[in-house]
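Colleague: Same order as they appear, the protein sequences are chains A and B.
The first sequence maps to residues 1 to 366 in this note's numbering.
The second sequence maps to residues 1 to 176 in this note's numbering.
Fair warning: there could be bad hints in the mix.
A short list of chain B residues far from chain A (calculated; beta carbon distances all over 10 Å) [what the hints assert, rightly or not]:
#: 1; residue: Asn6
#: 2; residue: Ala18
#: 3; residue: Val49
Here are the simulated distance ranges between beta carbons [to be verified]:
#: 4; chain 1: A; residue 1: Gly155; chain 2: B; residue 2: Val13; range: 54 to 62 Å
#: 5; chain 1: A; residue 1: Ala2; chain 2: B; residue 2: Thr116; range: 28 to 36 Å
#: 6; chain 1: B; residue 1: Pro60; chain 2: A; residue 2: Tyr261; range: 20 to 28 Å
#: 7; chain 1: A; residue 1: Tyr154; chain 2: B; residue 2: Ala10; range: 50 to 58 Å
#: 8; chain 1: A; residue 1: Asp34; chain 2: B; residue 2: Arg119; range: 46 to 54 Å
#: 9; chain 1: B; residue 1: Ala121; chain 2: A; residue 2: Gly176; range: 55 to 63 Å
#: 10; chain 1: A; residue 1: Ile46; chain 2: B; residue 2: Ala10; range: 32 to 40 Å
#: 11; chain 1: A; residue 1: Arg3; chain 2: B; residue 2: Asn2; range: 49 to 57 Å
#: 12; chain 1: A; residue 1: Glu181; chain 2: B; residue 2: Thr31; range: 43 to 51 Å
#: 13; chain 1: B; residue 1: Gly149; chain 2: A; residue 2: Ala2; range: 37 to 45 Å
Covered, in the sense of this in silico footprint (three residues per stretch, anywhere, with C-beta under 8 Å from a C-beta of chain A), are these stretches of chain B [to be verified]:
#: 14; region: 35-44
#: 15; region: 61-71
#: 16; region: 129-138
Please keep in mind that the hints were generated in silico from the structure rather than gathered at the bench.
Beta carbons: idealized from backbone N, C-alpha and C, even for Gly.
The lines below spell out each chain.
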Amino acid sequence: MARHRGRGVATIEYPTGMNQNGDPSQAWVKLKPDGRVDVFAGTVDIGQGSKTVHTQIVADTLGVPYDWVTMDNTNTDSSPVCTGTFASRGTFIGGNAVRYAAERARERILDIAGKELEIDPSDLEVADGDVVVKGSPDRKLSVGDVAAAATWTYGELITGTGAALKPFAEVDDDTGAVTEEPHAAISYAACVADVEVDDETGEVTVLRLVQVYDVGRAINPTLVEGQIEGGALMGLGLGLLEASYPYYPSPEHRGGEFGAYLAPSMDDLPELDNVILENPSADGPFGAKAIGEMANNAQPPAICSAIFDAVGIWVTECPATPERVLRALQARAEPRREGKRVIFDEEISLRRVASKEGVAKLIDGG
Amino acid sequence: MNLTVNGVEARLVSPPLASLLHVLREELGVTSPKAGCQQGGCGACTVLVDGEPRRSCLVPLATIEGARVTTVEGLGRPDDLAPVQAAFHEGYAAQCGFCTSGMLIAAHAYVERGGTDERGAILEALGGHICRCTGYAKIVAAVSAAARGDVATQAVEASYEPVPGEPEVLVKGSPA
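Using the sequences plus the hints, can you model the full thing?
Modeller: This is the structure in structure tokens:
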């Protein structure tokens with residue numbers, strides 16, 4: 001009876017958003033008379049930080065400080081359509097919508113500034129809240145003055161709308177050829193798990209998770225890290241602890257309390273080593289791809305591989321509870337089927353079967 | 001029934017067996033304690049009763065007559081945060097925020113008792129609090145920082161400078 005250590009690895013690729021034009025997000029941006037910016041978009045922030053990221057995207061696109069921008073996603077009357085926070089689409093599709101809206105508003109800022117400065121708008125740029133004449137940094141006008149001029153001199157509202165929608169891809173039924181790429185961007189990740197397995201109790205402890213995520217451009221690395229770390233623990237829960245319906249689809253024996261439904265606790269926190277790999281996409285806002293849903297996919301298979309490495313058994317159903325680990329260990333020690341002693345060992349059994357001519361041909365691929 | 005909540009004396013009309021959580025949220029409108037599992041299993045409703053962290057969902061009002069109750073509203077102000085609040089703020093130790101009130105109260109009590117930045121001791125003090133997002137790594141790091149006194153006591157200005165300890169970026173640059 002002993003504790004055994006093992007290491008496993010798993011990788012994942014994950015698409016961004018949905019496809020076949022079922023996945024629109026819309027946004028609009030307007031300037032107050034003092035140049036402060038209001039953004040209306042429906043992407044819901046559930047703690048992953050999309051409000052922060054959308055605000056960053058708008059601020060950078062417009063060329064104004066971050067704290068000038070207020071993002072309002074508080075109600076469905078003032079916000080345009082967003083299909084929701086799902087499918088890892090928030091930053092990519094919602095972010096593109098606010099970027100397009102901010103680009104249009106920026107054009108309007110330059111138009112009005114061009115009139116005020118009597119310069120062609122194409123010779124102007126916006127940086128740090130000022131509209132500046134290219135090549136002549138002393139000639140400038142603050143965005144606040146531009147918004148005031150729009151309001152009080154020209155009787156206009158500086159605004160911009162934008163929408164992001166993955167176009168419909170026609171599929172040729174005969175060849176399978178498509179008119180559009182089916183996915184806008186694919187994110188990739190790998191996870192290495194170090195575990196310790198107690199062969200007496202069947203208990204598995206995750207000691208360390210090393211995770212590398214290619215998320216395109218990490219617009220906010222701290223929030224990306226929050227997703228990586230959060231996903232690590234959720235994946236650990238899926239791999240070892242959480243079974244909401246042990247007798248699915250029967251709701252019998254469903255856990256009704258945290259003592260019966262085991263969510264990962266602080267005690268389960270392994271050593272985490274996170275790496276963000278920036279491999280920017282052509283289509284995402286500032287090269288961003290996605291991380292949302294992919295963050296808790298690679299850990300369960302990595303953990304199960306590590307269990308195999310540690311004690312030589314495959315747990316083929318998650319979560320790898322102590323009971324399942326012990327049953328698998330027992331099945332290896334005492335192979336039985338329907339009460340009979342049955343041994344299948346890949347090495348021994350295939351060699352014996354292959355010694356007969358016909359089957360040997362099959363195995364050799366003949 | 002009487003309580004002193006965040007330094008303010010309150011005369012209460014709730015029945016004696018009402019939970020402290022119910023009294024705080026429904027009678028007094030103090031909403032930082034969250035009604036999570038309401039079985040004592042998640043920690044989101046934790047408040048300080050005479051300085052000790054307690055699950056307010058399991059505390060009948062009658063058992064704490066006259067006690068001093070402190071919630072997150074009483075820990076600090078935006079311009080004068082308690083050390084644990086400043087540490088959570090600096091360390092991004094919140095995602096959705098539902099567990100944050102309870103975590104802050106437990107962490108505050110731990111630091112006030114002279115808790116150290118030792119990981120095992122922090123897990124012992126906060127182990128009964130569930131974060132479903134789950135930001136345990138940053139929460140533990142923030143409590144460590146607060147225990148070391150390694151925090152400013154007021155909200156920091158947004159900074160564009162890279163922060164030590166941010167994730168490693170292997171391939172720099174983007175087409176944007």
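Colleague: Hint by hint, which ones does this structure get wrong, listed from lowest number up?
Modeller: Violated hint (a single one): 15; every other hint is consistent with the structure.
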